[in-house]
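J.: Listed below, chain by chain, are the residues.
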Amino acid sequence: GAGVSQTPSNKVTEKGKYVELRCDPISGHTALYWYRQSLGQGPEFLIYFQGTGAADDSGLPNDRFFAVRPEGSVSTLKIQRTERGDSAVYLCASSLTGQPSTDTQYFGPGTRLTVL
Amino acid sequence: AQSVTQPDIHITVSEGASLELRCNYSYGATPYLFWYVQSPGQGLQLLLKYFSGDTLVQGIKGFEAEFKRSQSSFNLRKPSVHWSDAAEYFCAVAPYNNNDMRFGAGTRLTVKP
Numbered sequence: 060g061a062g063v064s065q066t067p068s069n070k071v072t073e074k075g076k077y078v079e080l081r082c083d084p085i086s087g088h089t090a091l092y093w094y095r096q097s098l099g100q101g102p103e104f105l106i107y108f109q110g111t112g113a114a115d116d117s118g119l120p121n122d123r124f125f126a127v128r129p130e131g132s133v134s135t136l137k138i139q140r141t142e143r144g145d146s147a148v149y150l151c152a153s154s155l156t157g158q159p160s161t162d163t164q165y166f167g168p169g170t171r172l173t174v175l
Numbered sequence: 088a089q090s091v092t093q094p095d096i097h098i099t100v101s102e103g104a105s106l107e108l109r110c111n112y113s114y115g116a117t118p119y120l121f122w123y124v125q126s127p128g129q130g131l132q133l134l135l136k137y138f139s140g141d142t143l144v145q146g147i148k149g150f151e152a153e154f155k156r157s158q159s160s161f162n163l164r165k166p167s168v169h170w171s172d173a174a175e176y177f178c179a180v181a182p183y184n185n186n187d188m189r190f191g192a193g194t195r196l197t198v199k200p
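Residue numbers (the numbering used here), protein chains in the order written: chain A, 60 to 175; chain B, 88 to 200.
It should be emphasised that the hints constitute simulated quantities derived from the structure, not laboratory data. Note that the coordinates shown come from a computational prediction; the quantities given were computed from them, not determined experimentally. Even glycine gets a Cβ: it sits at the ideal position worked out from N, Cα and C. Treat the hints with caution; some may be incorrect.
Stated by the list, open to error - Chain B stretches covered by chain A per the calculated footprint, using a threshold of three residues with CB under 8 Å from any CB of chain A: (1) 131-139; (2) 151-162; (3) 186-192.
To be verified - No farther apart than 25 Å at their CA atoms in a straight line, the calculated lysine to aspartate or glutamate pairs in the DMTMM-like style are these: (4) Lys155(B) - Asp187(B); (5) Lys148(B) - Asp172(B); (6) Lys137(A) - Asp115(A); (7) Lys155(B) - Asp115(A); (8) Lys137(A) - Glu73(A); (9) Lys199(B) - Asp172(B); (10) Lys70(A) - Glu175(B); (11) Lys155(B) - Glu175(B); (12) Lys137(A) - Glu79(A); (13) Lys148(B) - Asp95(B); (14) Lys148(B) - Glu73(A); (15) Lys137(A) - Glu151(B).
Produce the complete structure using the sequences and hints provided.
T.: This is the structure we're talking about:
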């Protein structure tokens, strides 16, 4: 079946602009995760959704970052007033139940964000 | 807070040789431990995970990892490397029953013919 998809695959924007990154999880997966991967680094946890609600948003770096999942499926990561330091690959993952002891997170290919 | 260290940034092995990628973690209790592989243009793929029980974990693609509590390590091994194993490998840790997964910086594996 279809895996996790992310759009766009690449996004180039100018400093100070607003961007939205979209994630389509695997159908039926209740848990959804956002990560940020900077060059030469491992993924960094941003936020975790269980259904429509953000169960853990402790990884969001500041209030310029916000994510929603209004119907418990598709999620959008929103970044306001982008800065050059926001340039990274943004990864989305989903899992069936969100139970870490039994679940597996399936990752999408990522959106590469470049802030000029 | 939990953290993960992958001491080797880049490793080169010959095809057919054995492989061991190191991972050390810092956490107060026994965490959940994972190894992921990331190939160019591909999403992260789970190789194996440890939650409890047998400390030697078998994964996909012929990989295994051993949890050693006394050394706070979870090293990844493969007895015979194939050219298709060239990729970036990430170790990750999550607290018990928690989805806050922390990744190491990764080890890039190059396979020589």
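J.: Hints first: check each against the structure and report whether it holds.
T.: Results of checking the hints against the structure:
no. : hint                  : verdict
1   : 131-139               : holds (count 5)
2   : 151-162               : violated (count 0)
3   : 186-192               : holds (count 7)
4   : Lys155(B) - Asp187(B) : holds (22 Å)
5   : Lys148(B) - Asp172(B) : holds (9 Å)
6   : Lys137(A) - Asp115(A) : holds (16 Å)
7   : Lys155(B) - Asp115(A) : violated (30 Å)
8   : Lys137(A) - Glu73(A)  : holds (15 Å)
9   : Lys199(B) - Asp172(B) : holds (11 Å)
10  : Lys70(A) - Glu175(B)  : holds (23 Å)
11  : Lys155(B) - Glu175(B) : holds (23 Å)
12  : Lys137(A) - Glu79(A)  : holds (5 Å)
13  : Lys148(B) - Asp95(B)  : holds (21 Å)
14  : Lys148(B) - Glu73(A)  : violated (42 Å)
15  : Lys137(A) - Glu151(B) : violated (38 Å)
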